[in-house]
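Colleague: In case you want the letters, here they are:
Number of protein chains: 2
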Amino acid sequence: MDLIGYIDSKREEHLNELKEFLRIPSVSATSEHKKDIERAAHWVAEKLRAAGLENIEITPTKMHPVVYGESLHAPGKPTVLFYGHYDVQPAEPLDLWTSPAFEPTVRAGNLFGRGTADDKGQVHIHIKALEALQNATGGLPVNIKVIVEGEEEIGSVNLWEFMTKNRERLKSNALIVSDTSMLAKGVPSITYGLRGLNYYQVELTGPAQDLHSGVFGGAVPNPLTILSEMIAKLHDKNFRVTVPDFYKDVAQISPAERKALHRLPWKEKEFRKTVGAAALCGEKGYSIVEQLWTRPTMEVNGMWGGYIGEGAKTVIPSKAYAKLSTRLVPAQNPAKIAKLVERHIRALLPKSVRCDFQVLSTGKPWVAPYTDPIFQKAIHSLEKGFEKKAVFIREGGSIPFVTQMHDAFKVPCVLLGFGLPDENAHAPDEHISLDNYFGGIKSIALFYQALAA
Amino acid sequence: MDLIGYIDSKREEHLNELKEFLRIPSVSATSEHKKDIERAAHWVAEKLRAAGLENIEITPTKMHPVVYGESLHAPGKPTVLFYGHYDVQPAEPLDLWTSPAFEPTVRAGNLFGRGTADDKGQVHIHIKALEALQNATGGLPVNIKVIVEGEEEIGSVNLWEFMTKNRERLKSNALIVSDTSMLAKGVPSITYGLRGLNYYQVELTGPAQDLHSGVFGGAVPNPLTILSEMIAKLHDKNFRVTVPDFYKDVAQISPAERKALHRLPWKEKEFRKTVGAAALCGEKGYSIVEQLWTRPTMEVNGMWGGYIGEGAKTVIPSKAYAKLSTRLVPAQNPAKIAKLVERHIRALLPKSVRCDFQVLSTGKPWVAPYTDPIFQKAIHSLEKGFEKKAVFIREGGSIPFVTQMHDAFKVPCVLLGFGLPDENAHAPDEHISLDNYFGGIKSIALFYQALAA
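Residue numbers (our numbering), protein chains in the order written: chain B, 2 to 454; chain F, 2 to 454.
Quick caveat, the hints were computed from the structure, so don't treat them as lab data.
Incorrect hints may appear among the rest.
[As the list claims (entries may be wrong)] Which bits of chain F does chain B cover? Going by a derived footprint, with three or more residues having C-beta under 8 Å, they are:
#, segment
1, 187-200
2, 215-223
3, 280-289
4, 302-312
5, 347-355
6, 394-407
7, 419-429
Here a beta-carbon is modelled for each residue, glycine too, at the ideal position from N, C-alpha and C.
If we strip away everything but chain B, and leave its shape as in the complex, we get:
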């Protein structure tokens, strides 16, 4: 049986196995899922072994383990390093899921469940592509090294220590990642740019303890009001971030790239529909695609304080909290931006509150020269695997590891994404298109054959 025929014959088997993977609630953010994380790591290790990889290792870190496997039986052929992650975002709010987050369910050609698109489904595409090459062609056409980590959703805290410790062993000619999205349904895509991500937490303390808003209201600082006032000053009326020097190092895109971006079959109407808000808002002077892919942002990702239960409680809280993040673009420096953000926030706050400012993570932006031959081989494989025209795109999200690898290992990074922008990664009803899942397996298998040619 030929490669594509073999993959087609295994559809049901592959899908059932993926569901098994998705049922493990491997949420990396909360300690209660520690055991599920372990289970997911072992599950990945077992499937790598089944795909014919060797020297399988589950390496503990200070938090969640890294799974490794390799196959080095193609002398003279390129060596590729595949990276993915088996951890997922928390599933909350649970009541907004149509079917339970960890009970994968197919509806209308899509598989629903936490991790379907980000990133378990895409990791599984790769494992099954390798297995198909082993079983249908008698072996892997290239040398392959696989790492699947468990801390991507919390900032890949310990991954880099693992990478540097295993630097010699992990050497490769290219890094392959599938943790991104296609531009749209029916438009297979290679991502050549990512934004960086800094994540911050702010804790304000006003009164020493919660106070009765009747007895004390009108004379004491309310940290929720003060936090709101601070956040309100983080953007100007043109939706530009007000942190001084925030845009100082931002590289303007070339006229050629801008033209290419505007030629993409990107549908504003679809985007508006996905967002579902009454109106959009973004930095003045830039198209939506430019805002999303080429401009830095400041977002409030969470905010809380005081009484948040049912009904009424007349409290002036002692504390108010916000989780903030900045998306970064070339050539912003994350450490420098973190300092500027902290300085600005402290400067905006009155002396009636104390501020604890924490940088939870930092991550650099990344852009690749997609004229490199490996990118051309990748895009042709996508076009064969999907039987559709493929495109080069950027993305607004962040994969810190890609930037680190690019900088430290000096190898091209090829981002073949099989998600879709409206598949609710990080949100309720996350899903993956089955067409993209199966097309992904074919494309990856074809890509490795092309790399060996």
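Here the structure of chain B is known, so what remains is to put chain F in place on it, guided by the hints.
Modeller: Here is chain F on its own, set in the frame of chain B:
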């Protein structure tokens, strides 16, 4: 034995009986304490009977029963209606109590336990004052009606139905309440003003669902940012509420009242210590006491949205929430203020979010003319009972029942409070000063004698 001598001779007995009352965990907020609520109601009924009251009734409501008793054997003398409550706030967080919340303990002249100050201790003061009059003087000098309810801490939901159903029976010449605080230790006080309270909840919806802040950040409305921007506009730089016409009906206090307020032995240093914030902030042009008692406020009592768990989640939330409240002063109209607040909030919001605005409750402010003879009799009784100079004060909090009674029954309301501002009502380590407890019993007994004179 004279009245005061009798009360002094019963100190230990009174204290032990109060401890018995406090050991019943009559928390009204949670259904698990339903039986304790019943026990507390029966305990009160039994002690009213022991104090010589008649026609004792425990009237069930949709939630917690109201206890009633009366003594109408003083023809030609005034009739007073006493109101108190036997329910208490939840004791959580339990680990912050020095001694257990429902095991009353004396330390350094204070009795610690949930309900000591709010309001079981104060209800007990009244029961023991009545008993003392019966036993030491051979009868009550005035006609008295007593209601002790079990829902005060959850908004007195069913009390008003009870009041209107028993309207004729409850008629009186004055309402007496002990559920407030003295200005400070050693300063017996009568509260002649309370602020009203409107409570609101705002729900903003931006995107139709939570979105990935990488994929969508920079082009979509973030309801947390927009909620913050709205809240930031609710106060101007002088900490005045910006709602148009908010201050229009606010009555300025008279120069005489302002002078009296400034003469009070109110200690700013103590207040700052209790608040424990790095600095205070309040409406410009008013003293702290004026801000707390005579000026309306707008406070954020709770706020939430997005990811509020441990670590990082890169989400742009679909929804953001705030609980807001306004404290009101004479002659603001709660219904009118609620409309103005809603209109202002809607006007401040951009069209990129939808807003659901709910008024959870409204409540009128109240001020009494303390030159009325009954107030003069009350303050002289306090001075005799405590052997200290007593003062007239206002309070920033709200007791909706007082306003309702004042409006519906057209009677003077006399608020004799025996708590202290730092006795942790609603918080761990709630306590009452034993001096105030015993002084309270004497003052109330003397007050009823004075009323009959």
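Colleague: Mind taking a look at whether chain B covers the segment 347-355 of chain F? Criterion is 3 or more residues with CB to CB distance under 8 Å.
Modeller: Our answer is that it holds, as 5 residues pass the Cβ test (under 8 Å) against chain B, meeting three.
Colleague: Given that the segment 280-289 of chain F was listed as covered by chain B, double-check it with a C-beta distance under 8 Å for 3 or more residues.
Modeller: holds (count 6)
Colleague: So is the segment 302-312 of chain F in contact with chain B by the C-beta rule, three or more residues under 8 Å, or is the coverage claim wrong?
Modeller: Per the Cβ count (11), the hint holds.
Colleague: Mind checking, does the segment 394-407 of chain F have 3 or more residues with a CB under 8 Å from chain B?
Modeller: holds (count 4)
Colleague: Can the segment 187-200 of chain F be counted as covered by chain B under the rule of three residues or more with Cβ-Cβ separation shorter than 8 Å?
Modeller: holds (count 3)
Colleague: Are there three or more residues in the segment 215-223 of chain F whose C-beta lies within less than 8 Å of some C-beta in chain B?
Modeller: holds (count 9)
Colleague: Can you confirm whether chain B covers the segment 419-429 of chain F, using C-beta to C-beta distances below 8 Å and requiring at least three such residues?
Modeller: holds (count 4)
Comparing the model with each numbered hint stated earlier shows that all of them hold.
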